[in-house]
Every structure is written in structure tokens, then in C-alpha cells.
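J.: Here is what each chain is made of, one letter per residue.
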Amino acid sequence: NAGVMQNPRHLVRRRGQEARLRCSPMKGHSHVYWYRQLPEEGLKFMVYLQKENIIDESGMPKERFSAEFPKEGPSILRIQQVVRGDSAAYFCASSQTSGGASDTQYFGPGTRLTVL
Amino acid sequence: SQKIEQNSEALNIQEGKTATLTCNYTNYSPAYLQWYRQDPGRGPVFLLLIRENEKEKRKERLKVTFDTTLKQSLFHITASQPADSATYLCALGVRDDKIIFGKGTRLHILP
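Protein chains in written order, with my numbering: chain D, 1 to 116; chain U, 117 to 227.
To be clear, the hints were calculated from the coordinates, so they are not data collected in a lab.
Bear in mind that the values here come from a model prediction, so they are computed numbers and not experimental data.
Virtual Cβ for every residue (Gly too), placed ideally from N, Cα, C.
Check the hints yourself; a few may be wrong.
[Said to hold, decoys possible] Here chain U is said to cover these stretches of chain D; the calculated rule only asks that three of the stretch's residues, wherever they fall, bring their Cβ under 8 Å from a Cβ of chain U: (1) 34–47; (2) 103–110.
[Claimed, not checked] Which stretches of chain U does chain D cover? Using the computed rule of at least three CB atoms under 8 Å from a CB of chain D, they are: (3) 173–185; (4) 214–223.
[Claimed, not checked] Mimicking DSBU-like on lysine-lysine, the simulated pairs with C-alpha atoms at most 30 Å apart in a straight line are: (5) U:K187 to U:K214; (6) D:K71 to D:K27; (7) U:K214 to D:K27; (8) U:K219 to D:K62; (9) D:K44 to U:K214; (10) U:K173 to U:K219; (11) D:K71 to U:K171; (12) U:K187 to U:K171; (13) U:K214 to D:K51; (14) D:K27 to U:K173; (15) U:K119 to D:K62; (16) U:K173 to D:K44; (17) U:K187 to D:K44; (18) D:K44 to U:K175; (19) U:K214 to D:K62; (20) U:K187 to U:K173; (21) D:K27 to D:K44; (22) U:K171 to D:K44; (23) U:K171 to D:K51; (24) U:K171 to U:K219; (25) U:K219 to U:K175; (26) U:K179 to U:K119.
From just these sequences and the hints, can you work out the full model?
T.: Okay, here's the thing in C-alpha cells:
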């Protein structure tokens, strides 16, 4: 059973370009979470999605960032018009149910975004 | 304001000794608390979960305590090995199922 997969592992973009990060959850998992990690900082929650629904996007910047988890295919985190401050590691996690004390979030290897 | 604080500096422990990592929090009422391990360039890996009504949890060489009065969790690795060297993250489970992470503590086990 493959774990959570993220691609690309490394992404370099110039300022103003778009970054598209993909996450395939573990088989049988229908809950996906995105986190951002800056150097020497903790993981910051961005958004929680179920299939075709955004459940909680309270951690996501209001502009330029969007996320989706379509009925078929991976979850996508999209960052439009990237700026240098968007450089970070972006991690995706999945769980079988809604997480919390009854379930565990399994993390992918992350995508390291560098904005030049 | 709400805060989660872990040992801010790296922890160096001699191989074979017990490593103890601290997680303190303020202005949260977590339903549970989790500990994760993160190696450089990798995603966090879940280790242990302890609920608010549990005082202690063990798994092999790992032990976690949770004191909701002190608002503190301690994470112990007994008989530590160089392979235990990593960053360890504390994460609070708040009631709406959101997990809030601390910044982590870097642990070095010296051979």
C-alpha cells in the first residue's frame, strides 16, 4: 500500500509564475490536509479537504492560494503569481476519517518550492 | 495568546541514556496530543497519541506523559541510539479536529 505521494519533490519558479503542487492520498483515504513549513518554523495548517469539498481553509492566505480535491485524481494546491515569501516546504497529509483522536494523519515527503 | 513551546535548542544526549523532550502550551484545551518524528528532507512520521484523560502512554522505547494541569507533555526515549537523532514535533489536537504543531526539538544522540 503506497504512502502519501507528492509531486514534484522540488519546484523552482520565478516571481509571478504559478506553482501547482499535487498530492495523492493513501489508498482508501478521503481526507487531505495541506501544511506549509518554513525553515526553523513549525508546520502551519493551510487547508483541509474531502473529496470535492473544502472543509476548512482558515490557514490559507486569501489571495493567490487555492486548493481542490476532485472526485478523481490528486489534490492540487495552486499558488498564483508566486513571490519569494512563498518559498517553503509544502506537506500534504491524508487520513481515513476526519482525523483527530480517532485517526492518524499520514504525511507525504513534501514539495520544496523555491521562488527566484 | 496561544502558544506551543518545545525545547528551543538542540538536545545532545549520550547513546544509551534517556532523552526527554518537553512540550508546553498556553491558552489551548487540546483533546489529545501527538508526537511526530521528522528527518531532514522528509515528512513527519506519527509516533504516539495521548488523550486528555490519559496520563501516560508507552510504545517500545517511547513514553509520553500528558499533564493537563501543568499544560505539558514529556516525550521520553529510553536506551537512546544514534538512529533516534531527528527533529521531534509535538502537535495539539484541538476540538475541531485541527492539529497545531510546535516548532520541534532537534535531538542528537552521540555515539
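J.: Does each hint fit the structure? Answer for all of them.
T.: Evaluation of the provided hints:
1. Three residues within the 8 Å Cβ limit are the bar, and the stretch 34–47 of chain D against chain U gives 7, so the coverage statement holds.
2. Proximity of the stretch 103–110 of chain D to chain U, defined as three or more residues with a beta carbon under 8 Å from a beta carbon of that chain, is established by the 7 residues found.
3. Under a criterion of three residues with beta carbons nearer than 8 Å to beta carbons of chain D, the stated coverage of the stretch 173–185 of chain U fails, only 0 such residues being counted.
4. With 7 residues having a Cβ less than 8 Å from any Cβ of chain D, the stretch 214–223 of chain U passes the three-residue criterion, so the hint holds.
5. Simply put, U:K187 and U:K214 have alpha-carbon atoms about 18 Å apart, close enough for the 30 Å limit, and the pair holds.
6. For the hint pairing D:K71 with D:K27, the CA-to-CA distance comes to about 14 Å; that is within 30 Å, so the pair holds.
7. The suggested pairing of U:K214 with D:K27 holds, with an alpha-carbon distance near 22 Å, which does not exceed 30 Å.
8. Between U:K219 and D:K62 the CA atoms are separated by roughly 24 Å; this keeps the pair inside 30 Å, and the hint holds.
9. Annotation: proposed proximity of D:K44 to U:K214 holds, straight-line Cα distance about 11 Å (limit 30 Å).
10. This hinted pair checks out: U:K173 and U:K219 have alpha carbons roughly 22 Å apart, not beyond 30 Å.
11. Annotation: proposed proximity of D:K71 to U:K171 is violated, straight-line Cα distance about 41 Å (limit 30 Å).
12. Using a Cα cut-off of 30 Å, the hinted pair U:K187 and U:K171 holds, with the two alpha carbons roughly 12 Å apart.
13. Our distance criterion of 30 Å between C-alpha atoms is met by U:K214 and D:K51, whose separation comes to about 18 Å.
14. At most 30 Å may separate the alpha-carbon atoms for a hinted pair to count; D:K27 and U:K173 meet this at roughly 29 Å.
15. Of the supplied pair hints, the one linking U:K119 and D:K62 holds, its CA atoms being roughly 24 Å apart against a limit of 30 Å.
16. With a C-alpha separation of about 26 Å, the suggested pairing of U:K173 with D:K44 holds against the 30 Å cut-off.
17. The suggested pairing of U:K187 with D:K44 holds, with an alpha-carbon distance near 21 Å, which does not exceed 30 Å.
18. Under the criterion of a C-alpha separation no larger than 30 Å, the hint pairing D:K44 with U:K175 is consistent with the structure, at around 27 Å.
19. Using a Cα cut-off of 30 Å, the hinted pair U:K214 and D:K62 holds, with the two alpha carbons roughly 19 Å apart.
20. Simply put, U:K187 and U:K173 have alpha-carbon atoms about 16 Å apart, close enough for the 30 Å limit, and the pair holds.
21. The hinted pair formed by D:K27 and D:K44 meets the criterion: a straight-line CA distance of about 25 Å does not exceed 30 Å.
22. Proposed proximity of U:K171 and D:K44 is supported: the alpha carbons are some 27 Å apart, at most 30 Å.
23. At roughly 36 Å between alpha-carbon atoms, U:K171 and D:K51 are farther apart than 30 Å, so this suggested pair is violated.
24. Restraint check for U:K171 and U:K219: satisfied, since their Cα atoms lie roughly 23 Å apart, inside the 30 Å limit.
25. Note on U:K219 and U:K175: the hinted pairing holds, with a Cα-Cα distance of about 23 Å set against a maximum of 30 Å.
26. As the CA atoms of U:K179 and U:K119 are separated by approximately 23 Å, the hinted pair is consistent with the 30 Å bound.
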